[in-house]
Amino acid sequence: MTDRQTDRLDMLRATLTVIDDHADAWAAIPVMARYRDDLSTAIDRVRDAAQRQADPASAVTAVKDQLRTHVRDAAWTLAAALQAWAADTDRPDVAAQADFSPSDLIQLRDAALADQSELIVDLARTHAPDLADYGVLPPEIDALDALDDQFADALSTPRAAIVARSRATAEIAIEIRNATRLLRASLDPMVARLTASSPDFAREYRTARIIIDRGITGDRSPDAPDM
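Numbering-wise, the sequence shown is residues 6 to 232 according to our numbering.
One or more hints might be untrue.
Unchecked claim - Listed next, with one range per pair, are the computed distances between beta-carbon atoms: (1) A133 - R52: 46 to 54 Å; (2) T7 - R130: 48 to 56 Å; (3) S45 - A116: 42 to 50 Å; (4) D147 - Q10: 42 to 50 Å.
Hints listed in this document are in silico derivations from the structure and should not be mistaken for laboratory results. Where is the CB? At the ideal position from N, CA and C, for every residue including glycine.
Please take these sequences and the hints and turn them into a complete structure.
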């Protein structure tokens, strides 16, 4: 959220608090209950969108990096068995496909590592009966296959996060705009009608409606209604 949006959200929350604190002043006016609920819903939507917007990309990256390490290590361990079997059985075709070192895997880009890992899984499945003597059992192959799938999914997560964050940013603007329209068009005039019968409510409402700049200046925006 921008500083201005945060300031406006603070105003919306303060206004809702005043409305709730003076519920007795408007309890006999049914439409006020609807306005109050609409304002509360808008605030909840802004806060929800703000949480989605602020979801740190670093957390997504950390998960991906952890999966990358697991895939790299498991792929190398399985490839080592394939290399040994290929040398013992004179299978240069398999040896060529499994011929890489741990440093080779480290240097691969994420997508290339995912592809290489999948190739190792396919080779291991094809030659699984022969690899049993080398200590390779189906659970090891299945484990790398599952890790590789998780890693591939994680590669698309940052882009999905960017899209979700962009959508949340748009939702924040829309909900704040809708809430502001609700105040100006509906709540402001209805509270103004209650000035004579509930002066304390009207005064506190008007004060809550002032948007305070939380930055250096501490300016107050003249958004409060005339009553």
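Let me make sure I understand: some of the numbered hints might not hold for this structure. Which ones are they, in numerical order? none
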